[in-house]
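Q: From these two lone chains plus the hints, build me the complex, please.
Protein chains in written order, with full-length UniProt numbering: chain V, 1 to 302; chain P, 1 to 295.
Derived DMTMM-like pairs: lysine to aspartate or glutamate, alpha-carbon spacing no greater than 20 Å straight-line:
#1 P:85 to P:66
#2 P:14 to P:3
#3 P:282 to V:109
#4 V:21 to P:184
#5 P:257 to P:50
#6 V:49 to V:65
#7 P:119 to P:184
#8 P:257 to V:156
#9 P:257 to P:80
#10 V:235 to V:78
#11 P:85 to P:74
#12 P:282 to V:103
In case anyone wonders, no lab produced these hints; they're calculated from the structure. All values reported here derive from a predicted model rather than from experimental measurement.
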Amino acid sequence: MGASQSTESNLTASIQRHLSKIVVAPSFAASLFFVYGFILWTGYMAFSKSRMLPVWDWAGLRQYERLWQMERWHVAIENLLIFGGLFIVTSLIIGCLLAVLLDQRIRAEGALRTIFLYPMALSFIVTGTVWKWLLNPGLGLESMMHDLGWTSFKFDWLVNSDMAIYTVVIAAVWQASGFVMAMFLAALRGVDQDIIRAAYMDGASLPRIYFGIIIPSIRPVFLSAIVVLAHLAVKSFDLVIALTGGGPGYSSDLPATFMYTMAFQRNQLGVGAASAMMMLATVMAIIVPYLYSELRGGKKNG
Amino acid sequence: MADIQTYSHDAGWKHTVLRGLLYLILILFAAYYLFPLIVMISTSLKSLDEIREGSLISLPRVVTFDAWNYAWNEACVGVECTGIKIYFWNSVKMAIPAVLISTFLGAINGYALTKWRFKGANIVFALLLFGCFIPFQVVLLPMSQVLGKLGLASSTAGLVMVHVVYGLCFTTLFFRNYYVSIPDELVKAATIDGAGFFTIFWRIILPISTPIIVVSVIWQFTQIWNDFLFGASFASGANAPMTVALNNIVNTTTGVKQYNVDMAAALLTGLPTLLVYVLAGKYFVRGLTAGSVKG
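Isolated chain P, as found in the complex (with noise of 0.2 Å):
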């Protein structure tokens, strides 16, 4: 940290003028990023006709739950008029067995890897790595097929297994960069009294572990909850994820164009995984980083 508090050769006035302007630029920064979110909490409170008549940046004048209702129970997702909360379900349903596996798979891997280590076993890390990595167009017309052979085609059960295919290699990531600081004396020790493999995670791995379980739930859910390419590509009708119903919904060309109802839409779409920002906020950016950069 360097600051102009600390390290300023300027005194008095100059160090106001300099603290305020500071602030002035932080908070416009604060309102560029803050403002698609109020306009679109704004206007999914409005009515149509009050969208029309009014400016874009203007409070409701009276605020409806409307659009949100509409959104939730009658929004018509293609030819089918029976709201997103269908797809809102779709998500959950891939996104929790997805997360859980994934997860627990990581942490299996992550466990092998560093503390029952074999030879080759950097070599495996590294080509399961390598899967993190890859632009995800390059796998989806051999897994289309392999989808359909399977009878997996446009079904929940078969975006949870791409999810959990291509989750895993992130979720090996984070168990492994976490174990690999945990003492190896630890583990050694409870095979002197005669623990074997699965004993020793059970009882002594998985207790210390809370801390990267919660980062590869969350980033895990978030990656799985925001996806779109595999929805699209692999689960249409009916099963469709959220994010993919949400697409249709705003891209619909036929009828009254309804932005209100566009707007609750995206928010009903964006607000599991802002929340789960907010109240984890923390751990949300260590999956970042640590998804991103080497842990």
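Just chain V, with the same shape it has in the complex (with noise of 0.2 Å):
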């Protein structure tokens, strides 16, 4: 009786004690499978002979070769190029000088913030549908310009080959510039100000002081925005199925759209798979470092 109280007891220690590691576990294990194991078996599938079907045949690098010998593969990585580079680039800008203007006490501040910033609520398909209304050639921007009087105008960038991709900058930087504007809004706001007055007090400018101080110091946050940014970019999908559907042909396709388009419609789950391992390699190049470094720093502040 004594003995089968004090094991039961012992019982309840040792779940007390491991409580938080049981607590955890489901979630730890929920991520192992669905995280990293996703991630092998996809991996694996891109080594396969899957088509139609997932099959475990193995075929080395046959997947991988087919899918860099696909022309419709060299488009996407080139406009993932061209799109990132433009994005994050045009964001950067925009977003750091709304940031400035708006840090010169100005009065309507809190409105313009929330007006900058909306977009980022919206989901990309809205993004995208109103932007696929608003650059339609036939009754968006080029007939507004027509109506005003400028006949000779043209803007049929989204129906033109060469140029769909561009129509996704657009969109794009019009939905995430706003959010670059708060990261460095929230920089500035932590610039220490006796720098500031002491450089002001040596005769600097304002111009001086914001090229030579502030911008200068709060380098991080730019580093923390372009590896946002060049996230979102790389995990682009909504945005052109909304506003192009990666047309015309495939021209504004995105290594995101390409991998729905050879899972889901071409039957091509190997190629699929290949180019989805393509794209976490670019995620992890773009992530791991910078999150080693952020984790590093965070031990190092306390």
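A: Structure representation (structure tokens):
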């Protein structure tokens, strides 16, 4: 009797001791399976002969070879470079500019901030729908300019296979630049006022204070913003689907839409898996060094 | 903050001109950001004839809610012409449980990982965190097979599961960073008084977690409501969420293009998250920065 009671209390005590682990275990198991397991699964599929149905026959690098031989994949990669580069640079410039302007004791700052940032609350599908309408050559901006009397105005990028990817940049910058502004504004507010005052006393002009002191001192925010924007660019899918559908033809395809088409419409599971692994590698190359430095920095600070 | 007023060597008219220019640029940018929203609203209130005759920026001569009514009750998504209301409710049915479950799991994980540290807790956290950053394309194919095997393919329950699993890393990140800043003494004192793991969680930790719960709920709601990739990949037909239905309406190629209906449907899709943003913008921004950068 006494013995069984003590084993019972031992058990309770041991459950109590391990409760923390027990509570985290389901989430941990889920992430092991749904994140790491799935990555291995997709990774293996990329080495298999899978086409319409997943099969487990080993095919070596065959799927990767096919992927890199596809004209469409090269278009997607090239588009990612164009889109990613322009999207990151333009969003940074607009976001930084707006943050500096808003930092000048602006009367309606709260309202302006709300206006600049609201696109971020919308789904990319909604954003794509609106811009598709605005950029529609027959009825949108082009016809508006014609109505205003500028009859030679031509803006058919949406249906022009050489230019379609740039319309994605326009919509994406509209959506994300306010977010960059919010990041920069928070950083500007954290700059040490004494240094600015000292520089002012030494006779430095406002532009010099910004370019010489403030902007260099918020360099870490630039890095964070670039990482976030690059990450967004690689994952961009919804916006392209809603705005151009990857078209005309496949001229505005990005790796994310390429993968989806191969996996769900073209019955090329192996090629789709290989392209997904390429995307993963790209994101890892951006994120892992960044996270590593962030987490180390975090430890240093306490 | 460094501003012209405090740090300017220019006095008088030059200062006034600079100020004026500053406001002009800001107003132009505000117009740029608002333009699509205004066009969207005004187009949704026009009749189709007026859209063809009028210009993009002209306000509706006759305000009509026909397009809204049509989008909600009659619009065709694929072959079904039941309006987007059923898809709106699909999104509601998907978002509410997914938000609640992932937030609760995030809270309890964050609590366990910071206040009851065990050996390897940091590694567990780092492994969980990684899930925030993977491009979801890499999990699409296995997930569709697993959902099929579980009998959850093209169902709302399946989407709830997917959103809980991949939202977990974000919510754990939020709560973990929040609880790290709460003094451990609070928990220690309660332990000495004989309170256990869950008593402390319910009685002490949860009551002081309101701000981070709000951030987590808003972040998860926006992410899940706005998601398109998972919805399009795993839920088709009558179980599709709102974003997928909107895309189907807009990209339907048959029949006369009803731009006013497209715009009304787009507004209906955007309304819940816009509302959240207007009502709780501060928390929304905090979620954005915490979700993308380390808190």
